[in-house]
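K.L.:
Keeping their order, the protein sequence lines are chains A and B.
My numbering puts the first residue of the first sequence at 9, with every later residue one more than the last.
My numbering puts the first residue of the second sequence at 7, with every later residue one more than the last.
Derived by calculation from the structure, the hints in this document are not laboratory data.
Be aware that one or more of the hints could be misleading.
[Said to hold, decoys possible] Some chain B residues flagged as far from chain A (calculated, every beta-carbon gap over 12 angstroms):
| hint | residue |
| --- | --- |
| 1 | Met83 |
| 2 | Asp84 |
| 3 | Leu86 |
| 4 | Lys94 |
| 5 | Ala95 |
| 6 | Leu200 |
| 7 | Tyr235 |
[As the list claims (entries may be wrong)] Restricting the straight-line Cα-Cα distance to at most 20 angstroms, the calculated cross-link-like pairs of lysine to any residue (SDA-like) are:
| hint | chain 1 | residue 1 | chain 2 | residue 2 |
| --- | --- | --- | --- | --- |
| 8 | B | Lys111 | B | Gly249 |
| 9 | B | Lys24 | A | Arg55 |
| 10 | A | Lys133 | B | Ser223 |
| 11 | A | Lys133 | B | Tyr219 |
| 12 | A | Lys98 | B | Ile21 |
| 13 | B | Lys245 | B | Gln288 |
| 14 | B | Lys111 | B | Tyr254 |
| 15 | B | Lys76 | A | Arg55 |
| 16 | B | Lys245 | B | Asn169 |
| 17 | B | Lys136 | A | Ser35 |
| 18 | B | Lys136 | B | Gly70 |
| 19 | A | Lys133 | B | Thr263 |
| 20 | A | Lys133 | B | Met62 |
Beta carbons: idealized from backbone N, C-alpha and C, even for Gly.
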Amino acid sequence: MIIRAIVLILGSFILYVLQTGLFSSFSLAGVVPDLLMILVVSIGFMRGRTKAMLAGLLCGFYIDCCYSSVVGIFPLFYIIIGNLAGFSHKIYDDDDHMTPLMLTAVGELLYNLMYFVVFYLLQGKINLSFYIYRITIPRIVYTVLVSIILYRILKIANLYLLRFDKDE
Amino acid sequence: MKPKIKNKVKKKIVINPKIVFWGLTVFCIILIVVSYRFSDIFSPVKNVIGSVVAPMQKGINNFGDFIEDKVDHFSDMDDLLEENKALKAQIDDLKNTNQILNQEKYELSYYRELYELDGLYDQYKKVAAKVISKDPNSYSGEFIIDKGEKDGILTDMNVLAGNGLVGIVTQTGSNWARVRTIIDDSSKVSGMFLKTSDTCIVSGDLELIDKGYINVSQISLNAQIYDNYEVVTSYISDKYLPGILIGYVSDIGVDPTKLTQQCRLTPVVDFEHIDAVLIITQLREEYDGISEVFKSDN
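Just need the whole structure built from these sequences, with the hints factored in.
P.N.:
Next up, the structure:
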């Protein structure tokens with residue numbers, strides 16, 4: 009149990025550092041892929057709602073700590089998405105690589121819409137089509153592309169952890 | 007709600023995810039309200055996490071730069087050879103222009119004297135810093151630099167790149183600081199036209215920066231301004247030191263209320279490829295003391 013928690017904390021931390029640090033050098037069209045989103049959605053798909061929500065809480069806190077003056081908004085976003093993604097656990101299959109990709113795309117869309125509402129709409133900026141066209145779509149495409157690789161890595165980590173649990 | 011989750015984890019009691027969801031949601035909302043109401047309450051936590059993350063990001067960032075350099079190196083080889091030819095031809099041209107520019111430099115220093123900027127602008131003590139991470143949400147124009155309180159960085163210090171204004175420090179940790187750029191949607195800078203001394207408000211706009219512009223508004227109808235006039239930070243700002251170049255204006259027109267003029271501004275800083283910045287380690291409040299002296303001298 010503790011090992012699983014440590015793996016989650018370390019894994020999400022590494023992804024956060026990668027997302028803000030390394031991928032800034034590799035940004036396409038000015039956007040970076042949302043690695044934390046892939047993590048939350050993948051956990052939701054592989055492990056169910058509760059765990060995805062806890063992972064979302066953690067990921068959100070990382071962003072809050074460095075990039076937000078108000079604590080709690082990003083965890084809330086990720087918890088909502090983790091919760092929704094967790095419903096797909098019922099149809100989880102080891103060889104299914106398409107579902108997490110689609111879930112990531114939908115999650116990213118939802119995240120961007122929530123971000124738009126909280127940070128832009130409330131400021132009186134209403135040009136949604138511009139944000140969708142300029143940021144949301146490139147971000148979804150880039151995130152989905154990265155998730156093709158990242159999901160496989162996460163799945164291997166998950167299988168390894170499950171085996172470890174059985175040994176215990 | 008938190009203890010319930012812990013119970014679940016330890017004793018493997020399955021509790022309804024619905025309860026977990028609402029519990030965590032309420033928890034987050036409470037956090038939002040608390041941190042909004044008492045903004046200092048979380049700063050020690052943020053500081054500690056920031057201090058741990060900053061060195062790692064710095065390392066990873068260097069690695070990223072290294073890879074990017076290598077990739078660029080190969081892809082640019084052909085371009086470079088062609089460019090080299092063109093550049094050689096340009097050198098002669100530039101030699102000529104340089105001569106002219108040198109003459110204009112004298113003119114510039116004359117203008118600076120006129121605006122009492124001479125000396126002051128160069129006299130600001132500056133600290134150089136590297137950008138180590140950018141906002142994970144691709145919307146906003148914020149980034150984190152690798153210098154913090156240890157190096158004398160404080161909140162509200164102005165940040166430059168080259169000779170143009172980048173933004174302002176909004177939050178500091180022991181070895182990191184958060185900078186909000188002037189292109190950020192929430193950024194508003196009090197500016198001034200160098201030639202006419204008309205004041206204006208320079209506000210960031212994500213939509214416009216895509217085309218390379220930001221907004222300038224609240225310019226008096228009587229202001230005689232034309233394209234390519236310089237906008238600098240104004241004397242009336244309470245956070246920005248005066249006389250820092252922001253950019254050049256274009257597309258001047260009357261705003262929808264017909265009470266003021268508005269225009270667009272091309273920042274002098276290239277925000278897409280920003281990787282090193284200078285922080286002026288002097289706050290506006292301290293500066294006001296100095297300017298008093300200057301005014302009484304004249």
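K.L.:
Going straight from one Cα to the other, do Lys98 of chain A and Ile21 of chain B come out at no more than 20 angstroms?
P.N.:
holds, 17 angstroms
K.L.:
Please confirm whether Leu86 of chain B is truly not at the interface, meaning its C-beta sits more than 12 angstroms away from all C-beta atoms of chain A.
P.N.:
Label holds. Min Cβ-Cβ 20 angstroms, cutoff 12 angstroms.
K.L.:
Tell me if the straight-line CA distance from Lys133 of chain A to Met62 of chain B falls inside 20 angstroms.
P.N.:
With Cα atoms ~36 angstroms apart, Lys133 of chain A and Met62 of chain B exceed 20 angstroms; violated.
K.L.:
Against the 20 angstroms threshold, does the CA-CA distance of Lys111 of chain B and Gly249 of chain B hold or violate the hint?
P.N.:
Holds, because 17 angstroms separates the two Cα atoms, which is no more than 20 angstroms.
K.L.:
Say whether it holds or is violated: Lys94 of chain B keeps its Cβ farther than 12 angstroms from all Cβ of chain A.
P.N.:
Since the minimum Cβ distance to chain A is about 31 angstroms, Lys94 of chain B lies beyond 12 angstroms and the statement holds.
K.L.:
Is the Cα-Cα distance between Lys245 of chain B and Asn169 of chain B 20 angstroms or less?
P.N.:
holds, 18 angstroms
K.L.:
Hint check: Lys133 of chain A vs Tyr219 of chain B, CA-CA at most 20 angstroms. Holds or violated?
P.N.:
holds, 17 angstroms
K.L.:
Straight-line Cα separation of Lys76 of chain B and Arg55 of chain A no greater than 20 angstroms?
P.N.:
violated, 39 angstroms
K.L.:
Run the distance test for Lys133 of chain A versus Ser223 of chain B: straight-line Cα separation, threshold 20 angstroms.
P.N.:
Status holds; Cα separation ~16 angstroms.
K.L.:
Given the hinted pair Lys136 of chain B and Gly70 of chain B, is their Cα-Cα distance within 20 angstroms?
P.N.:
Between Lys136 of chain B and Gly70 of chain B the Cα gap is close to 14 angstroms, so the pair holds against 20 angstroms.
K.L.:
Given the proposed pairing of Lys245 of chain B with Gln288 of chain B, does the C-alpha separation stay at or below 20 angstroms?
P.N.:
holds, 11 angstroms
K.L.:
Going by Cβ atoms, does Ala95 of chain B stay more than 12 angstroms from chain A at every point?
P.N.:
The assertion about Ala95 of chain B holds, with a minimum of 33 angstroms to chain A.
Taken one by one, the earlier hints fail for this structure at numbers 15 and 20, listed in ascending order.
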